[in-house]
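Colleague: Listed here are the chains, written in short residue letters.
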Amino acid sequence: VVCGLALAVAGVGHGQGVIVLEGGGVRIEGGARVTLQDGRLEVEVRQEPPVAELDEPAVVEPDAAEQPLVERLLDGLRQAVPAVVADGAFGGGPAEIARRQAIAERTRQIEQHLMPLLHVELEHVRRHCGSLEPTARREVLAAGRRAVREIAAAHAAAAIDDRPPPGVVREELQARVAAAVRTRAPAAEFTRYERETDMRRARRAERARIRIVGIVDERLDLTAAQRAAMLADLRGRWQPAWVRQLDVPDAAQVAEFQPAPDFADACISPHLDAVQRAAWREWCAAAGIDQIGWDTLPSVQHNVPQPAAWWTP
Amino acid sequence: MVDSMSPLRATLAATVAAVCLVRHVACPPRLPAADDAVRAADAPETDDADAQAGLVDLAANFDANLFDQPGGGWVFRAGVVRPVGGPGGPGEDPGIDRIRRAAHERLDRIDRLCGLAPEQRRKLELALESDLRRFAAEVAQTRSRYETATVNMRDRAGQERWRLFQQDVQRCRRRMQRLLDDGSLFAGVLGSVLDEGQRAQLTAERAARRTFRWRWLVSGELEKLDDILALTQEQHDVVEKLLLAREPELVIDAPPRPRNPQAEQMLVRLVLSQVDLQPLQAALQPDQLRKLRTLANQGRAMQSWLEEQGLVERRGQ
Chain A
122 VVCGLALAVA
132 GVGHGQGVIV
142 LEGGGVRIEG
152 GARVTLQDGR
162 LEVEVRQEPP
172 VAELDEPAVV
182 EPDAAEQPLV
192 ERLLDGLRQA
202 VPAVVADGAF
212 GGGPAEIARR
222 QAIAERTRQI
232 EQHLMPLLHV
242 ELEHVRRHCG
252 SLEPTARREV
262 LAAGRRAVRE
272 IAAAHAAAAI
282 DDRPPPGVVR
292 EELQARVAAA
302 VRTRAPAAEF
312 TRYERETDMR
322 RARRAERARI
332 RIVGIVDERL
342 DLTAAQRAAM
352 LADLRGRWQP
362 AWVRQLDVPD
372 AAQVAEFQPA
382 PDFADACISP
392 HLDAVQRAAW
402 REWCAAAGID
412 QIGWDTLPSV
422 QHNVPQPAAW
432 WTP
Chain B
1060 MVDSMSPLRA
1070 TLAATVAAVC
1080 LVRHVACPPR
1090 LPAADDAVRA
1100 ADAPETDDAD
1110 AQAGLVDLAA
1120 NFDANLFDQP
1130 GGGWVFRAGV
1140 VRPVGGPGGP
1150 GEDPGIDRIR
1160 RAAHERLDRI
1170 DRLCGLAPEQ
1180 RRKLELALES
1190 DLRRFAAEVA
1200 QTRSRYETAT
1210 VNMRDRAGQE
1220 RWRLFQQDVQ
1230 RCRRRMQRLL
1240 DDGSLFAGVL
1250 GSVLDEGQRA
1260 QLTAERAARR
1270 TFRWRWLVSG
1280 ELEKLDDILA
1290 LTQEQHDVVE
1300 KLLLAREPEL
1310 VIDAPPRPRN
1320 PQAEQMLVRL
1330 VLSQVDLQPL
1340 QAALQPDQLR
1350 KLRTLANQGR
1360 AMQSWLEEQG
1370 LVERRGQ
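One line per chain: the protein sequences are A and B, in this order. Here our numbering is used: position 295 in the first sequence is 416, and no number is missing along the way. Here our numbering is used: position 42 in the second sequence is 1101, and no number is missing along the way.
What you were told as hints is all true, and nothing was included just to trick you.
Facing chain A, from chain B, some residues (calculated, C-beta under 10 Å):
| no. | residue |
| --- | --- |
| 1 | Glu1164 |
| 2 | Arg1168 |
| 3 | Gly1279 |
| 4 | Leu1284 |
| 5 | Gln1292 |
Listed next, with one range per pair, are the computed distances between beta-carbon atoms:
| no. | chain 1 | residue 1 | chain 2 | residue 2 | range |
| --- | --- | --- | --- | --- | --- |
| 6 | A | Gly288 | B | Glu1164 | 38 to 44 Å |
| 7 | B | Arg1180 | A | Glu403 | 22 to 28 Å |
| 8 | B | Trp1364 | A | Arg259 | 44 to 50 Å |
Derived by calculation from the structure, the hints in this document are not laboratory data. From the three backbone atoms N, C-alpha and C, an ideal C-beta is built for every residue, glycine too.
With these hints in hand, go ahead and build the complete structure from the sequences.
Modeller: In structure tokens:
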């Protein structure tokens, strides 16, 4: 087992993995730390695996008797570094290796792009949960970074495999950070943080609705009554995923059109007159966000504050 | 309808000027004669790449600067800066048709809101066409001053000529932005052909549209402020209330198209620099207030640029 896993770690990480069995856990020097907790394996990666060097993945061929432990360890590794230790990560031909490398590269890019979103969340936590103990802060910070990495990996894999993006990034991250804070912050502080997070989410939804109506108004010259009716309809039938309208850049153009929020057609077209509806159909056919499969990462502010020293006491 | 010089172009122009200025200071050129600044476009071109690098074809750049043609960019062609998409030149008015289309869209909007009678619409169409033709003639006359003119941005005379050229472009752009506004034949006819009910309906719709548009711009900026300042709901509401209360007189009949997100953002920040500070001081933490002031100052610093962007009505001109 030790030799097989050493090879596995060598394939994932540094080329020199040393596995040490100690107590109830397995320590992989130079790569990751694996522990058994509540009957499951948890893997914490100590260093960034240099995945770009993943040219020739190692092959693990454990004896039949060792298979369950190997599988459990690999499961743990898959959770820790999903972009790298995807299914079949320790095998496959050149195409699979190229895919894994593309996912790893894209993961790094997305991770970098999303980091300001984590900083925003951390700042909210700091403002509302000021009593967090130093150890808890470090744990929340680590959980947040891990969440960014995993969300980035999932979105990278979806992008490379040409699948729809799995969920709304900002809200996934908020949920992951909140989960880390929930057990560590005093209940009253966490409640306040959670309430503010809910209100932030509601604000973003309202902004997305205003933006949808604004974009339609700009192109189709709505009347005040049409705008009001559309806004009310959007509020009534709102889908959380529609908040993605906020991630479409203002300057985005498709075939000289701004991308059309066709996903909300049911709340838009009933309020248009015949001339406007014809123009709306034409617009959606040429540049509808759903129609063309428009996908974009969340827009982020790159001038958000870096996490304060408070996070790393 | 009307477009303004994009920040990209403004940056390019500034960069060309700045590079020329730096080169001029660092490596004083031979003393040029005043006539050296402007060359005929068909003058023989030297093989010296350095000598060519600072040349800008004014006639070809006039329409691109004025109308900001979509998809336009800049190329060095035979060592001279020209807009992408052809040399342009005398007699070509690619922007006029776009203005005409946008003007008719405006007329259609009025028609939808007020239900114009055929005779009312006919009078307005005539007035609109008359205003357009007068404007096209003014553009043609101004453009003609730059036929066959190429300036060398590496010498002072060329830079001065470029400055005057930009002034002419700005003047035409301002005229274009207000083409159908007060003082135009269209505005005069509109005031006289609508009945009282139609006029009230139009005024109410314009006011509602302006308010909605401002709310949209404010909400876009609050999306950013929420991230930058980590606002609570209460703080957010204070900032939002202050901004919404200072609604500027946005241009809504002929807003710049395509939109200018940077100008819109800076407009909100400019307004932010003008709001009452007391509620903000009471609501925000010192570090949040400091960051907010920095952002507001960015808007304030862009005030003169913003005035040229055509987002807000210009009164008294």
